[in-house]
Amino acid sequence: AQSVAQPEDQVNVAEGNPLTVKCTYSVSGNPYLFWYVQYPNRGLQFLLKYITGDNLVKGSYGFEAEFNKSQTSFHLKKPSALVSDSALYFCAVRNPNTGFQKLVFGTGTRLLVSP
Amino acid sequence: DTEVTQTPKHLVMGMTNKKSLKCEQHMGHRAMYWYKQKAKKPPELMFVYSYEKLSINESVPSRFSPECPNSSLLNLHLHALQPEDSALYLCASSQITGNRDNYGYTFGSGTRLTVV
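Residue numbers (my numbering), protein chains in the order written: chain A, 1 to 115; chain B, 116 to 231.
Isolated chain B (complex conformation) (with noise of 0.2 Å):
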């Protein structure tokens, strides 16, 4: 398997709305990573984790709570969110240790987060 598959494909939640966006490899990456993408811009690092361990914050807002229940999941749960929070979500993953060659990340396809 060397996919990373992201869950739901396109989401549309209210400003008091709770959700959660889901991410899913079997790499056996130890490294994941939430990104954000406005239309025509490119992905804007969010967090990252390490050995199921939160290890970079990009200073995102508290209604964005990301958690790592092990070494093949990692869910970004949704909370007040804003009109403007509407994008494209990326999860990714990526080695941390290792032939240097493996160390690209693998994307999934996204989900389309729309907030009305």
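Bound conformation, chain A alone (with noise of 0.2 Å):
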């Protein structure tokens, strides 16, 4: 079974610092890994995805992540954080090798960035 972890409920960062917010999967395969940040009481919107190809990531809203097989990891990073990406954060893992359809999420990341 598929299935990714993000061992931080929550990740508290001053405006301007970098941020990281963590994931690691566990998949046979070749995992597809997307990031989507939700805003309070509203759906998810897409931040970025790893299909195949580079394992340097770039995203919306300057967000980046890097895909490291050896690790399982997925981590989110932005280089210098705004106080509006405060808001909750999902990784999610999709196994190509058991069909398309199914998108499970890790449990979340509440990110709060300080002024």
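For the record, the hints were derived by calculation from the structure and aren't laboratory data. Hints may be right or wrong, so weigh each one.
As the list claims (entries may be wrong) - With a Cα cut of at most 27 Å, we get these calculated BS3-like pairs of lysine-lysine:
(1) K58(A) with K102(A)
(2) K156(B) with K102(A)
(3) K156(B) with K22(A)
(4) K153(B) with K22(A)
(5) K102(A) with K168(B)
(6) K77(A) with K155(B)
(7) K155(B) with K22(A)
(8) K58(A) with K22(A)
(9) K102(A) with K124(B)
(10) K153(B) with K102(A)
(11) K58(A) with K77(A)
(12) K155(B) with K102(A)
(13) K134(B) with K155(B)
(14) K102(A) with K137(B)
(15) K156(B) with K77(A)
(16) K58(A) with K69(A)
(17) K102(A) with K77(A)
(18) K134(B) with K156(B)
(19) K124(B) with K134(B)
(20) K168(B) with K137(B)
(21) K22(A) with K102(A)
(22) K133(B) with K153(B)
(23) K134(B) with K153(B)
What the hints assert, rightly or not - Restraint-style ranges between C-beta atoms, simulated for each label pair:
(24) S180(B) with A14(A): 43 to 53 Å
(25) A195(B) with N17(A): 43 to 53 Å
(26) K168(B) with A14(A): 46 to 56 Å
No residue lacks a Cβ here, since even glycine has one placed at the ideal position from N, Cα and C.
Given two chains presented individually in distinct reference frames, assemble the corresponding complex, making use of the accompanying hints.
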């Protein structure tokens, strides 16, 4: 079965500092990995994905993530955090070997950026 | 059009009511999904439709009844719900075949359901 783990319930960072939100995955074969962001009372917004190719993936709003196969990780990063980045972040995985259909989410990490 | 539209945005219903949630997309996606999300929890998959046919039912109680009348529309019919069914219901869609870069999901903003 496929799964993702987000070990931190909350990450606190000061505005202007770099941020990292951690994600590790467990899936047989090569995974499709995604990051989504959710603002209060809203749906999920797509940030970026890794399917294949370069391990460093750049996405929306200045976010990027690095796929590390040996560590089975896909951490989300941003060089300089903004207060407006404060939200709930979900890592998700899909196993292409078991079909396109099931996207499994991690438990989410709340990012709080202080002014 | 690159959106998934869900209506209504908010719904309050009694335990004896019948109501429906609606989802619409015009991106040509042939897979559509219903997710349920409780507060501060990740979304949980309920149903998957591919080519307008139900392909996954994650052991969802029969008081939730999905319907996919055509490739652009997805409904979730609700009947005799319980207060614990109160949640944010998210619809999503995705490609099935083609360029792997298109395999991401697009989510709607959700329907906030309260069962009283």
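We went through each hint and held it up to the structure:
1. K58(A) with K102(A): Within the cut-off at roughly 24 Å; holds.
2. K156(B) with K102(A): Holds, at roughly 17 Å.
3. K156(B) with K22(A): holds (17 Å)
4. K153(B) with K22(A): With Cα atoms ~22 Å apart, K153(B) and K22(A) stay inside 27 Å; holds.
5. K102(A) with K168(B): Holds, at about 15 Å.
6. K77(A) with K155(B): holds (22 Å)
7. K155(B) with K22(A): holds (17 Å)
8. K58(A) with K22(A): This hinted pair holds, its Cα atoms lying about 16 Å apart.
9. K102(A) with K124(B): holds (25 Å)
10. K153(B) with K102(A): Since the Cα atoms of K153(B) and K102(A) sit roughly 19 Å apart, the hinted pair holds (cutoff 27 Å).
11. K58(A) with K77(A): The hint holds at about 10 Å.
12. K155(B) with K102(A): Roughly 21 Å separates the two Cα atoms, so the pair holds.
13. K134(B) with K155(B): holds (25 Å)
14. K102(A) with K137(B): holds (21 Å)
15. K156(B) with K77(A): holds (22 Å)
16. K58(A) with K69(A): Holds, at about 17 Å.
17. K102(A) with K77(A): Roughly 25 Å between the alpha carbons, so the hint for K102(A) and K77(A) holds.
18. K134(B) with K156(B): Roughly 24 Å separates the two Cα atoms, so the pair holds.
19. K124(B) with K134(B): The given pair, whose Cα atoms are some 13 Å apart, holds under the 27 Å limit.
20. K168(B) with K137(B): Holds: K168(B) and K137(B) sit about 17 Å apart, inside 27 Å.
21. K22(A) with K102(A): Status holds; Cα separation ~22 Å.
22. K133(B) with K153(B): Status holds; Cα separation ~21 Å.
23. K134(B) with K153(B): Roughly 19 Å between the alpha carbons, so the hint for K134(B) and K153(B) holds.
24. S180(B) with A14(A): 43 to 53 Å: holds (49 Å)
25. A195(B) with N17(A): 43 to 53 Å: holds (51 Å)
26. K168(B) with A14(A): 46 to 56 Å: This hint holds: roughly 50 Å between Cβ atoms.
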